[in-house]
Structure formats: structure tokens, C-alpha cells
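Chains A and G supply the protein sequences, listed in that same order. Just so you know, we're using the numbering used here here: the first sequence kicks off at 1 and counts up by one. Just so you know, we're using the numbering used here here: the second sequence kicks off at 1 and counts up by one.
In case anyone wonders, no lab produced these hints; they're calculated from the structure. Any given hint could be a false lead.
Copies of the same chain look alike in the list, so a pair counts if it fits in one copy or across any two.
Each computed EDC-like pair below joins lysine to aspartate or glutamate, with the alpha-carbon atoms no more than 20 Å apart [stated by the list, open to error]:
no.: 1; residue 1: Lys347; residue 2: Asp464
no.: 2; residue 1: Lys475; residue 2: Asp659
no.: 3; residue 1: Lys615; residue 2: Glu50
no.: 4; residue 1: Lys49; residue 2: Glu617
no.: 5; residue 1: Lys242; residue 2: Glu694
no.: 6; residue 1: Lys475; residue 2: Glu342
no.: 7; residue 1: Lys347; residue 2: Asp465
no.: 8; residue 1: Lys198; residue 2: Asp140
no.: 9; residue 1: Lys475; residue 2: Glu621
no.: 10; residue 1: Lys615; residue 2: Asp312
no.: 11; residue 1: Lys615; residue 2: Glu694
no.: 12; residue 1: Lys475; residue 2: Glu671
no.: 13; residue 1: Lys615; residue 2: Asp363
no.: 14; residue 1: Lys475; residue 2: Asp465
no.: 15; residue 1: Lys475; residue 2: Glu349
no.: 16; residue 1: Lys49; residue 2: Asp522
no.: 17; residue 1: Lys615; residue 2: Asp505
no.: 18; residue 1: Lys49; residue 2: Asp614
no.: 19; residue 1: Lys347; residue 2: Asp255
no.: 20; residue 1: Lys615; residue 2: Glu168
Owing to the predicted nature of the structure, the values given are computational and were not obtained by experimental measurement.
Single-letter residue listing:
Number of protein chains: 2
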Amino acid sequence: MPAARPRRSVLSRSIAPWLASVGLAMGVSAAAPVASGDEGMWLVNQPPKEMLRERYAFEATDAWMTHQQRSACRLSSGGSGSLVSANGLVLTNHHVARGLIAQLTTEDRNLLRDGFLARAHDEELRCQGASIDVLMEIEDVTELVNAAVPEGATPGEANAARRRMIAEIEEAYKARTGMESQVVTLYQGARYHLYGYKRYTDVRLVWAPEGVMGHFGGDVDNFEYPRYSLDAAFLRVYEDDKPAQVEHHLTWSEDGLEEGDLVFVFGHPGSTRRLNTFEHLRFIRDVELPQRLNENWRMESKLREFVSRGEDNRRVGSSSLMGVQNGRKFRTGMLEGLLDPELMSRKREQEAALRAFVREDADRRAAWGDAWQQVADARQVYREFYHRQRALSIWSDLYAHALHVVRLSEELPKESGARLSEYRDTNLESVYRRLYAETPIHENLEIERLTAALSYLAESMGGDDPLVRRALGGKPPRARARELVENTRLFDAEIRRDLVEGGADAVASSDDPIIELARALDAEDRWLREWYENEVEGPEREAYAKIAEAQFEMLGENQYPDATFTLRMTFGTVEGVTVGGEPFPAITDYAGMYARAEAREGEADFTLPQRWLDKREALDESAALNFVSTVDLIGGNSGSPVVNREGELVGLIFDGNLDFLATDFIYPGGEGRGVAVDARGILEALRSVYEAEELVAELVGGE
Amino acid sequence: MPAARPRRSVLSRSIAPWLASVGLAMGVSAAAPVASGDEGMWLVNQPPKEMLRERYAFEATDAWMTHQQRSACRLSSGGSGSLVSANGLVLTNHHVARGLIAQLTTEDRNLLRDGFLARAHDEELRCQGASIDVLMEIEDVTELVNAAVPEGATPGEANAARRRMIAEIEEAYKARTGMESQVVTLYQGARYHLYGYKRYTDVRLVWAPEGVMGHFGGDVDNFEYPRYSLDAAFLRVYEDDKPAQVEHHLTWSEDGLEEGDLVFVFGHPGSTRRLNTFEHLRFIRDVELPQRLNENWRMESKLREFVSRGEDNRRVGSSSLMGVQNGRKFRTGMLEGLLDPELMSRKREQEAALRAFVREDADRRAAWGDAWQQVADARQVYREFYHRQRALSIWSDLYAHALHVVRLSEELPKESGARLSEYRDTNLESVYRRLYAETPIHENLEIERLTAALSYLAESMGGDDPLVRRALGGKPPRARARELVENTRLFDAEIRRDLVEGGADAVASSDDPIIELARALDAEDRWLREWYENEVEGPEREAYAKIAEAQFEMLGENQYPDATFTLRMTFGTVEGVTVGGEPFPAITDYAGMYARAEAREGEADFTLPQRWLDKREALDESAALNFVSTVDLIGGNSGSPVVNREGELVGLIFDGNLDFLATDFIYPGGEGRGVAVDARGILEALRSVYEAEELVAELVGGE
């Protein structure tokens, strides 16, 4: 049986590599011009009040916005969620929590397959290394950041100066408030906002359905509609070993929603590139995506092979496999979009209009006229080393640990502002938490991943490249990977801690083979990164800031910035979609799920757990299960709460349909739909199938 | 359940694209210096009689050789086989016949899953488009071919002149004898031999086991030993609608074999590159394999997705999937080999020794000294367009048909010798047979393949490449693929015939979208091919001929040429292998199979068919099932008969173990083993499980 597929290929970012891949783009955003429909991933401190008033006669009061903002949360595993009780109960997708569930799954306790329910707090299971952030405050620090740039600095210098100032601001804020802080670069550098987060580092699993319920229909239904998935799970945040008491949380809507309703989504879209210039899109289409897809194909194939070798491997590898398939599906869709002349001409026209606006006035020309060429030049430079840089991104838990160890030894001696951003004082805590977590590392899976990574390194750089020879250490990839895994001591968190605490000397003198590998590759990685920051990121930061300014000038201030994996609000209406030429209603129910299961009898991804067959009588089959709406989403939005005008919880985003695949570059509109689990379906399942009275009582009060 | 995996990733060539990939290499071969062990894929007209006499006290008489030669056969589906009865019964692997079995499989008759047995001739099922060749005669025509090269011709001109002469020879021979003829380029052009084949074009299925028996253990056991696979099937060749009466066929050994026995294999190794220069190997390692692997990964992923969507898709797509996985596994192993410094230094030393031998004598230096640089230069040229050429190789049945139609319209008007080789008069018949065969073409699978191909074209050449734009016709890949498949009329063999018979005008004026696509891409493909023939193949042909001559001079005439998918003899001893550090006997039995099935209970690839559980009592579990020997093999050898000193059939090659993966470049020796089905196991299954009395009687006489 093939490992089940994730259902939200569009929306999930729940796997490290795709998070990492957001890395470069993250915190870098440009204003995307609002087109038709319900486009927009709006800043929660700049909601489009007028538009909402005019289009929907809705008043987005500050109080309403604040309540939503502080009820939403972001999971370190890479998705969104929401607080749904005063006792720190968190609702998110099963697939967002999947990595955590997998960690807690053992041979004799297969939570991934069988699900889990804690009937009392002391049964809730701690998730190693996980944390959850709630955005408490936002402050505009644009002037402060820009003031740090000395007269006549080169783009590279300016970029560095801004990064130093950003670090200072973040540290000062954290020192003052004790909260986590992040200066988010918005509109690709036209604005800088300081975000203050309340971080919960004690996260526990409360409830998860059986795996098959979390991704019912698997790959077959993926991106399709109708859908019948119970892609939901409950976590709880703790403080001082007690359930956290929170001021803001969503209340569960009793009456739910219906077709035509206005709904809002508060979540963390990972990264969009909607204001990218045409040349930049060409780079993505012709250089970035082909490369990334090659990485996806091969890794998917390796992992498929791995998980097909028995239940044990499936348990260990299926989450990784889902992540890879996720990225592959996601990028395939992006490429389809960029190869679609219709989409590209829409982008071309948008750009042409803005450039014409800039050209027609001498001052604008002088201020912003060269921005597009600047981006084109920067991308031309990037073509020279993009592939080499990608080949160095090795996906392995052991290597990730080793890289942290090596980099910490080089970064810690520097003053915080001069360090690579992830090692600034403000971010160290989360690095340590991950590095010292007792999360199990699976030897065989590591061998597979390292084999793939080493082979790819050789294929990309050629077998005679000195770096490749050094990485392979005189062996072919598989033999080398086995040697690395069998001889490293990094499986042990204590060893990792000793190395870090031993400082530069300990690391430099370590003969751990994976530490040595990381030392060798990181040296190369560093100068490529420097090259990137000075000759690509720097110039582009300036250029996109100009483009954003030009757009503000042309379209007014009321623009939303590209997504940055920070909290955004999007809105839309619950609306059916055309399926095979026929209109299909917006909402599905359990009756449909049972019918679908019978229609695909014998297929693993459609085989309902025994419990769901036994409890069928007790279940109200007319209860709503999934629904679609016209909201604007992208990866990272998985697990986002869907709320009604009253701000009550009515659903939980878990995917988008096929028309969503190019949403990175453009709002789909038309038949594009976000797909959500209906809050009523979750409640009905808890009541009638899982008999989780305690949880139901916590959500909607005792019965 | 994932599509089952082929067991003989090393040895199967049973899928079109890999055959095609052999295309360039095929008929091009160099002498490989004999190393230790039982290395050697010997020409049947030049057996190493002395070596056999000295090492094994065996007399390879001409009569003995001729009998083996004419009892062996080659399947158009891309593997080897042998005649095993006077009534034209042919034994081969299940996986070699798999494509034919898949063709005959329908929704209501799942031969791939359930197997097949014809109890009488009139129940035997005709395999569309299949043919089987038996090598009858061999003639050395080296002087004739070389005489055709005019004084002072450039390598390109010389190459063309030789090709024309080869065509003339083939046609003359066919005209004289009525047999199929092929001039095989051996030792990379140092020798040319004319092969005369008896071709049977009426091939019918007689017996096939259940799919799971044909690849018992699937991916898990693939390349491993011990093995327990009944990878066998029987076909029958017909003439004038009656079973063909053949003079030569193998007799079934009654007493079988035991550890230590000398065995011979007569089969058709597809292609080896053991004399490739070091620079040539670097090209394969750094350019060819990374590119081909990228193609494999992505196609495998697409097909996995496709077959996972229900039984229907599995039936239609699993053979294609196996082919792709085959190539992927095969190439991964080759790359591992080329990235193994130990292997590369062995190759480097071989080359250094030969070059030193050439350098130390002025005449040799003058005659052969520049050969290695010539190859290096040619490969440097090839780097410039290899990727573009690969991107044009579109894997689709419809496209393959369209390409034939387009090329026939351009080639037929020319005189035979001036045509692309596959369209010479001698080869036309088989082109027509495939082109006009009523073999079913599966719409959905075609859409998947064309989507992948078009996307890959765009990724390789960039979305703005004029050729890409033309191929995509203003649509993204998937939409375009759907459009092509929905609007083409090439599903219909009659339409294809009409186009071909309509000639250049009919084809030029055709508005069939896939014909148009083929016209567009073939123009490009042609000039790349010309470039290849003039600046890569031509010079290399000369250079390798020199290297081969130098080697004859150094090592004597008794060298075997690189494999060319023509009949070869290899020999070795039945010998156990080390498994996990422990010695394991050479021969396995049915008891082992049942034990393995129980050990892996619940896994599809280990789930025995009901019949095998019901008949367990009747079966002699001590009957030998598989065995290993030290023979020298590569893809194409699947289905090769294994015979004993008496020339009796004792087994059937179906795979090699892991150490075989780099066999393209070097004979593994050491723990490398060829894996075969034991003839006794086949007979026992026919007797006790399938109760195929008629077949048993035909093989070993009535009982």
C-alpha cells in the first residue's frame, strides 16, 4: 500500500525543507495590486475596512480585528491554527500536526494510523521541540530601519546595515517585553513592521483522528472537489506545566454557515511572489522550478521505495514522503501556471501598466525607472550559482543538527547583529530547542536521504569537483551515506549539546564524520550566501522597494503585501464550484463520505476505520463535513480558522482546489476555491464517533 | 497497493524507451580486455575455446555452438529467449513477456494478475506486433565496409560512406536469402559482421504465471539474494497459422544442476561500454546519467500517481511503470559505480596501460596515439547539445506513431542507403508491423506521458524557446496534452496507414495535432542527429577502432566486443554468495518461498495466489526454484537460457544481484552473480500447480 498522500498539497508547509525553501523569500514581500474577486492577504493592522464596508456592509472594528489576531496562532511545524478555549486548546489540521503525531508514534502505539484521544489533561502527550506563537503587537519601524543606511552605501552595504539595525530592534524589543520579536520586511522592503509574539514552548497532543480520516481520498481526491476529509486535530499549549490560560480565543459557532455567507480566514500564508517582475518570473519558470522539481522527483521516488518496505518504514517515512509529494505537486502547479500564456500575459500587462505610469513622469522615472532592469540583472547573476547553492541544501536530520553545531561555533563569537539571522540572540532559543530535542532520528531514513543528497551533489557539480570528492570521502554515495550514519554520534542530543558548549575548538577538532561534512559544505555555502546577499538580495530589495512605492503612488496605500509566513486576513464568500461542467454545492456531508467510501471500495485511502462503520448509526450523516469559499490562500494557511461576521469559528482551512496551484503569482478567482473542514463536522465526529464528551464540553459547554 | 516492481532491473530491456536508449550505443562496440573470473560476452562465432579447454576442460565444438546459437532467440519486446520444443515453443521471462501479456489483459480477463494457460494450440493468444528472431548465419564483412570509405574522407564522410555500404550489404543479403539481415558494428568499428536472422512474426502466448509469482518479493527482494521468483513464461512461434517446426531447440535437462557446475548463457546483452575511455566515462557520469535519471525520477513519479488511481490504471500503466523503475534502478547503480573511486581507478589503470603500450612505439603512436584525445573532443562537442537532444525524446505511443509517419514521408523517397537506418528497406517491415498493429493505446496514460514530456521540454529549453512555444501551442503542458490526445486521430491504425500511403503530401497537409507536433520537433531532432553523427559518432567510431586495434595488438585477438544486443555466449560456475556476511547456498527451493511468504505476510508482493496455497500439498517443496552463477550479464540478457555442458536447458536468467549494477562498465567478479529460475522449478510448477500436462509432455515427453 502506498503511503497515503497529503490532501493539502497547496496549503501545507508542514515539512522542514519547504519551510527552508520559504527561507529566502520569507520576510521579503512586495505589494500585490488588488484584482477582481476576494483577492488579498491583508495585514491585520491594515484591514481593507472600506472595501469590506462597500462590498459586504461589514465593519471590521479594531476590537474585532484584535480579538481575531490574538486568537490565531502559528505552529513551529509550519502551519496555522487557532485558540479555541480559555484553557489553551488549539485547533489545526491533522496534516499540520502530522509530524508531531509521527514523533509520538511507536511500534506498539501507531497514532498516525489509529488516532489518539486524551480524556484528561494528564493523558495529553508532550510534543518534543514544538512551539506555538500568538501575535500580540505590531509596530511600524520602517523609518528606524532605513535610517541605518549610510549615505552612498552600495546595495550590498545597505542590505547589511538594515539587517544589523533589524537585529538591534528585535533584541531591544525582546529585552523590553520578554516576547519573541521579528521585524518583518513587507512590500519587499518598502515597509518594516515589528511583530511581538507570545511563544508557547510546551505543546501537547489532545486529539487526532485515524490517519485515513485526516486525508480521506488520498491522492485521488487531492485538489478535487467534492471532498470529505476530517483533516483536523487538537493540541494544547501549556505554561508551568499547566494548561495555558488565554484571554482571547474563538468561540465555536452553533449555527454554522451556509452558501453565500461572508467568511474570514486568519492564517499565515507562507510566501507569495505576486509583484515579481516578469523577468523574475522567467527565472522561477526556467531555472528555479525545473531545479526544485528535479529534487522533488528523485526524493519522492527514493522515499516511496523506502516506505514500501514494510510497516516500520511506512511509520518512519510517510510524513517525509508527504512533504516531498506536497512540494512536488505544489511546484508542478506553479510551473503549469508560469507556462500558461494567459497567466503570463496578465502579469505582463500589470507590469506594463505600472512601468508606463512610471515612465510618463520625469520624477517617477528618475526615482523608480531602473527598478525592473535592476531585478533582471540580479537574476542574471543568480543564474550563475543557483544550482550550486541548491545542491548544497542537504535534507537530513543529522546534517541539519551538524550544520547548526558548526554554524553556532562560528556565529556565537560575533555580536548578534552581525550573525546569520537565525543565530541572532532573539532566535537562538528556538535553534537550541530544536537542536537539543530528543526527537527520534531514524537511521535507515537518514541513509536514504544522505544517499540521495550526496548523489545529487555529485550530479550537480560533477564527480571531479573537489567539494564533491571531499563530501564523498572516496566512496560512492550509498556507501558513504552508510558510513556517515554508522559513525556519527549526533543521534545523541547530549553529544550535540557538548559540542555547542565546547565552542569553536570542540567543533573544529571534532572527528565526527557528519560534523566534518558540514564544515566542508558550509564553507562553500557561506560564500554563495554572501554572493546572494550582496549581488541578488541587496539590489532586488532596493528595486522591489521602488516598484512597491511606484505602485502605492499609482494605486494608493490600500495594497496588501506579498505573503511572509506572518498573520494575514483574507475574506470571501461560501460558494459552490463547477465540477466536470456541472455546478456543485459548496458544502458536503457525512452521507457523501460514506457513499464515496463505498464507490471506491478496496482502495486504502478510502477505507474507513472500523470505528466509523460501527458508529455510522449514531452519526448524523447530514452534518456538514467540508466546504469551499473564494478566499485567497497559499501554503502556510493550512489550519487557519474560518470565522463568520460574529468572529465565531465555522471552519478550518486544509486545501485549495486545482485552480489554486498558481496562487503564488496570482489570485485565481473564477473557479479557484479554498477548501475547509466544517466546524459542525468536527463537533459531530467528536460527539458521535469518538465520544469525546470532555472535549465537546470544553468547546461548546457541557451538555 | 503500489504497482509491483520488476525483479530484474539489471537485466530487463523490455520497455521501448530503454531500447531506444540503447539505440545510439547499439551496433557500436569496443573490445573489453578480459579481466579475472568468468568475464566475457563472447561472439558465438569466436568462442574462447582455449580458455574453456584450459579452465574447464570443455570442448566448445562448432556443432555444439551452432546448436546453441540456433536454439536461442531474441524478442522484439526487448529480451532473450530460447526454443524449447520442435513445435516452436519459446521460453522467456514473465517480465520480458509482460508487455505482451498486458496487451492481452482486459477488464474482464486480467492475465497480468491471474496468469494464463492454453491447453490447446487454438487457445493460444496472438500477440499483436511481436516478433522473434533466430540468428542463423554470421559473416565477416569488415573489409567490404571499410573499402567503401574514399581516400581522405573526413570522419563524418567516412561514417556516412560506411553506413551506405552497410545498407547495401544488408539489402543484398536479404534479397538473396529472404532472411532479416543486420551488419553489426563490433569492437566499435574495428570489425563488421553480417548477421542473418530467421524472423517469426506470429507469436502467441501459451502460459504465464500469476503476476505476483513472476515478481515474487517485488521491490523488497529486487537485486537481493536469496530469491524465490517464477519469472518465466511460454510463447509459441507460428508459421502459416501453424506452430513453427524448428530444427534446433534445447532439450530440458532431467537431472538439473548443482553447486560448482559449469554453465553457459546464450542471450542478447543490450549494451556495454567497457572500453569507453576515461573521458567518455566522465561524460556518462556527469552529463548523461544525471540527465537520464532526472527523466526517470519524474516519469516514475507520474506513473506511480497514475497507477495508484484504481485497478484500471494499474492494469494499463504498471508495465510502463516497471520499465521506468527499471531504468532508474539500472542508472542509479551505474552512477554509483562511476562515483566509486575504486572502480574508476581500475578503469584508469586499464587505460593507462594501453596508452603506455601505444606510446612506447613510434608506429603505434602514429597510428593510434591521438585516439583518446579524439574521444575527449567528441564528448566535449556532445555536451553542447546532449540535453536538448534528450528533451526531444518524447515517450508516448501516439507520438511514436506520429514520428514514424512523419519520418517515413521524408525517408521513403530517398534511396534506401541514404535513409535513417530504421527506415532502410531491410527494416521497413518491422516499422510497419509496429505502426499498423492494433495494439490498444490508453488515452489517460498518453495524457500523463505527454504532459510530462511537454513540461520537461519546457524545463530543459526554457519557456520562451520558439520550439517550446510551438510544442505547447499557447497552453500549459497538461491542457496541451489533453488537447493533443482528444483531437488526434492516430488511435486508429487505419488512419496511420492512410497517412503513410498518402505520402509526403498527405502528411504535410495533415492537421492532426500530434502529426503537427512531430513535424515541428523532428526538424530539430534531425539536425541534432546530424550534428551527432558528424561530430560525435564519426570521430569516435574512428578513435575507438584505433583503441580496439591497439588492444588487439597488446592482448591478442581473443577479446570479446562490447555488447550490441546481439547473441553472445557467457559462462561461469554455479556458486553461492555472501549474504550479510554469511555464505548462502547457490540454489533456493519452494520451501524457502513459502517461508518467505509467511515471514512477509500481508505485503502484496509476497502474497501467494490462492492456487499456490491450495496446491501446496501436491507440490514438491524441495524442488529447486532459483540459483546464482558467476556469468557475465547485462540488460537484454533477461530470458536467456542457461545450459549445461551437454547443452541442455537447466535455467533461465532473470536478474543480477546488487554487485551487478555497474556491469555496463566492468565485470563485477567477486560477489557479483547472475540470478536464474531453475528449470526444475518451472517443471514442478507446471506439473503440480498448473496441471499443464500438455505443456509438460511437450517439454519432457508424455508421462
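> If you check each hint against the structure, which ones fail?
Replying inline: 3, 4, 9, 10, 13, 16, 17, 18, 19 and 20
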